[in-house]
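Undergrad: First to last, the sequence lines map onto chains R and L. Going by the working numbering, the first sequence opens with residue 1, and the numbers climb by one from there. Going by the working numbering, the second sequence opens with residue 1, and the numbers climb by one from there.
Hints in this document: simulated from the structure, not taken from any laboratory. Think of the CB as a built atom: it goes at the ideal place given N, C-alpha and C, for glycine as much as any other residue. Certain hints may be false.
Stated by the list, open to error - For lysine-lysine, the following DSS-like pairs were computed, each having C-alpha atoms within a straight-line distance of at most 25 angstroms: (1) L:K189 - L:K5; (2) R:K135 - L:K23; (3) R:K167 - L:K6.
Claimed, not checked - Some chain R residues flagged as far from chain L (calculated, every beta-carbon gap over 12 angstroms): (4) M1; (5) R64; (6) D106; (7) D114; (8) T117; (9) G118; (10) A127; (11) M130; (12) Q156; (13) A161; (14) M162; (15) N191; (16) D214; (17) Y246; (18) N271; (19) T273.
Listed here are the chains, written in short residue letters.
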Amino acid sequence: MDSATKKELQILACKVRLGIIDGVHSAKAGHPGGSLSCTEILTYLYFKHMNIDPKNPKMANRDRFVLSKGHAAPALYAVLAHRGFFDVEKLTTLRQIGSILQGHPDMKNIPGVDMSTGSLGQGISAAVGMALSSKHFGENYNVYTVLGDGEIEEGQVWEAAMFAGNKGLSNLTAFVDYNNLQIDGTIGEVNSAEPIDKKFEAFNWATIVIDGNDFDQIEDALNKAAAIDKPVAIIAKTVKGKGVSYMENAVNWHGAAPNDELYEQAMKELNETLKSLQ
Amino acid sequence: MSEVKKVATRVGYGAALLELGKKRDDFIVMDADLAAATQTGMFKKEFPERFYDCGIAEQNMMGIAAGIAATGKKVIVSSFAMFAAGRAFEQIRNSIAYPHLNVIIGATHAGISVGEDGSSHQCCEDIALMRSIPGMTIINPADETEAKKAVFAAIEADGPVYMRFGRLAVPVIFDEDYKFEIGKGVELKEGNDVTIIATGLMVNEALEAYELLKAEGINARIINMATIKPLDSDIVLKAAKETGAIVTAEEHSVIGGLGSAVSELLSENYPVPVVKLGVNDTFGHSGPAPKLLDEFGLRAANIVEKTKIAISLKK
Chain R
1 MDSATKKELQ ILACKVRLGI IDGVHSAKAG HPGGSLSCTE ILTYLYFKHM NIDPKNPKMA
61 NRDRFVLSKG HAAPALYAVL AHRGFFDVEK LTTLRQIGSI LQGHPDMKNI PGVDMSTGSL
121 GQGISAAVGM ALSSKHFGEN YNVYTVLGDG EIEEGQVWEA AMFAGNKGLS NLTAFVDYNN
181 LQIDGTIGEV NSAEPIDKKF EAFNWATIVI DGNDFDQIED ALNKAAAIDK PVAIIAKTVK
241 GKGVSYMENA VNWHGAAPND ELYEQAMKEL NETLKSLQ
Chain L
1 MSEVKKVATR VGYGAALLEL GKKRDDFIVM DADLAAATQT GMFKKEFPER FYDCGIAEQN
61 MMGIAAGIAA TGKKVIVSSF AMFAAGRAFE QIRNSIAYPH LNVIIGATHA GISVGEDGSS
121 HQCCEDIALM RSIPGMTIIN PADETEAKKA VFAAIEADGP VYMRFGRLAV PVIFDEDYKF
181 EIGKGVELKE GNDVTIIATG LMVNEALEAY ELLKAEGINA RIINMATIKP LDSDIVLKAA
241 KETGAIVTAE EHSVIGGLGS AVSELLSENY PVPVVKLGVN DTFGHSGPAP KLLDEFGLRA
301 ANIVEKTKIA ISLKK
């Protein structure tokens with residue numbers, strides 16, 4: 001990736017993070033930590049990788065995205081808004097009565113959302129169904145999904161992995177947002193699914209381990225994945241709360257909104273980052 | 001008297017899928033390692049490339065179906081009622097019904113008439129579970145003919161459809177001229193003393209009860225309620241107004257099924273006595289299906305008994 005492209009993506013990621021904080025602060029609820037950790041993945045997919053058209057969100061042969069870790073909705077909404085699916089101003093209506101921006105993704109009402117998710121473990125099955133549909137009906141689009149590292153404790157994830165591996169769904173790529181934290185503590189303290197890569201490999205997937213906050217590595221992994229004749233799991237090591245100092249690697253920011261003072265601090269930090277990039 | 005033809009509704013379902021498969025190729029059929037039992041095997045044999053077996057993973061199967069439907073394609077998934085409505089309830093609720101996706105769930109081996117497999121497989125709660133989900137259509141056909149016609153209607157329906165089929169061979173009541181419409185009850189026998197609203201294999205029992213009651217001078221109206229949701233409120237309210245007492249008959253728990261749906265409608269709109277016949281808040285057990293239907297009181301004679309109670313409660 002050339003440095004101009006990288007800078008452009010970093011600026012976009014910073015704007016997405018500002019959108020996440022704005023949304024969660026306005027809602028006085030939501031999940032900033034896991035939204036900030038997967039920001040680069042979603043930004044890269046929607047701005048550089050997927051075949052999509054914000055003016056035609058239901059385009060028949062578009063690539064599909066399923067946010068299996070649906071609680072990272074603030075990140076998805078911010079990416080969709082900045083990509084032009086709806087107004088950026090809408091982000092501050094997150095979780096409000098009358099807003100299209102439900103607490104978790106709602107495909108019926110939000111332009112650009114391909115699948116309703118929120119109940120953990122279910123999104124990957126839907127992504128598998130989409131990948132199967134693409135192949136079965138000869139439409140040849142790709143399907144991407146992002147799982148949480150805590151989410152993969154759900155048994156359904158491995159039912160889906162087994163099926164996708166057995167059917168050789170090479171048009172399916174699943175990221176695991178490996179930020180090492182879930183609500184009750186670290187992955188290890190709760191019920192670790194490690195070794196995550198070995199588990200996917202056992203189900204006949206290819207795996208790639210990357211730094212999931214690094215655009216070069218995301219690009220490289222997706223390019224590699226496209227050439228692999230199997231479903232691919234990209235184990236993306238990320239920092240929970242990335243970009244906001246007091247939220248980084250702090251489990252208490254999994255599902256809490258900043259108060260006015262901490263909101264101002266977060267916005268100041270992110271705006272400084274943005275300024276340094278521009 | 002000629003021998004009555006008996007066919008399980010699941011066989012009608014399998015035959016309908018096969019027939020549909022010959023007419024159109026815009027849908028996928030899935031099963032969870034029960035194709036021979038659910039009868040999706042008929043489709044699988046003829047169209048192996050259009051059939052996907054998910055293995056014994058019903059939750060994933062429902063999610064995959066949701067994903068297929070989210071791409072604008074049609075999909076029919078099958079398992080036993082216990083594992084479809086029961087085990088995969090939340091996947092049906094969140095992945096299929098919340099986005100109102102066009103998934104047909106063909107749930108077979110419903111009710112006590114599963115027989116020898118016993119309680120773990122005798123699902124008498126599925127209608128209650130599915131009825132609680134917004135936007136879900138529930139169809140419980142009475143015979144092979146209705147099962148087929150219901151499948152043809154379901155594939156054109158908007159949103160998710162839960163179809164309930166039985167394992168036991170039951171009399172074929174309807175001929176090819178029978179008109180099936182989702183959301184419409186059908187009056188099978190005229191009568192003004194009382195109304196018996198039946199669904200599934202209890203429809204045939206209700207028709208037998210009609211004759212028994214007639215011999216005692218009671219003219220019962222018989223309604224086949226194949227669609228339990230959305231309930232045909234017009235036909236129920238008309239029956240309540242014209243006959244003043246209702247009996248419901250279903251091979252399902254008395255909690256949450258057809259009897260509850262009818263009671264809920266009438267208690268708010270036109271209260272008349274409603275006497276429910278069904279599985280009386282108990283688990284089943286192993287045994288031959290006909291004997292279980294006798295033991296659990298799901299026979300014409302039991303309907304007659306309940307009908308007399310309903311009439312005695314009339315104001």
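Undergrad: Taking the hints in turn, state whether each one holds.
TA: Comparing the hints with the structure gives:
1. For a cut-off of 25 angstroms, the pair hint linking K189 (chain L) to K5 (chain L) stands: about 21 angstroms separates their Cα positions.
2. Note on K135 (chain R) and K23 (chain L): the hinted pairing holds, with a Cα-Cα distance of about 22 angstroms set against a maximum of 25 angstroms.
3. Between the alpha carbons of K167 (chain R) and K6 (chain L) the distance comes to roughly 39 angstroms, so the proposed pair goes past 25 angstroms and is violated.
4. With a minimum CB-CB distance of about 31 angstroms to chain L, M1 (chain R) clears the 12 angstroms threshold, and the non-interface call stands.
5. A Cβ of chain L approaches the Cβ of R64 (chain R) within 12 angstroms, the least distance being about 7 angstroms, so the stated non-interface status is violated.
6. Look at D106 (chain R): its CB is around 8 angstroms from the nearest CB on chain L, not clear of 12 angstroms, so calling it non-interface is violated.
7. Not every beta carbon of chain L lies more than 12 angstroms from that of D114 (chain R), the smallest distance being close to 6 angstroms; the non-interface claim is violated.
8. The beta carbon of T117 (chain R) is not kept farther than 12 angstroms from every beta carbon of chain L, the shortest such distance being approximately 8 angstroms.
9. At the 12 angstroms boundary, the C-beta of G118 (chain R) falls inside the reach of chain L, the nearest C-beta of that chain being 7 angstroms off.
10. Some Cβ of chain L comes within 12 angstroms of the Cβ of A127 (chain R); the nearest lies about 6 angstroms off, and the non-interface call is violated.
11. With a least beta-carbon separation of about 4 angstroms from chain L, M130 (chain R) fails to lie farther than 12 angstroms from that chain, contradicting its non-interface assignment.
12. Taking the minimum C-beta to C-beta distance to chain L, about 5 angstroms, the non-interface status of Q156 (chain R) is violated against the 12 angstroms cut.
13. A Cβ of chain L approaches the Cβ of A161 (chain R) within 12 angstroms, the least distance being about 9 angstroms, so the stated non-interface status is violated.
14. Once the 12 angstroms rule is applied to beta carbons, M162 (chain R) is inconsistent with being away from chain L; the minimum gap is 7 angstroms.
15. Separation of N191 (chain R) from chain L is adequate, the least Cβ-Cβ distance of about 19 angstroms exceeding the 12 angstroms criterion.
16. At the 12 angstroms boundary, the C-beta of D214 (chain R) stays outside the reach of chain L, the nearest C-beta of that chain being 30 angstroms off.
17. Remark: the non-interface label on Y246 (chain R) is consistent with the geometry, its nearest Cβ contact in chain L lying 33 angstroms away (cut-off 12 angstroms).
18. The Cβ of N271 (chain R) lies farther than 12 angstroms from every Cβ of chain L, with a closest approach of about 37 angstroms, so its non-interface assignment holds.
19. Separation of T273 (chain R) from chain L is adequate, the least Cβ-Cβ distance of about 36 angstroms exceeding the 12 angstroms criterion.
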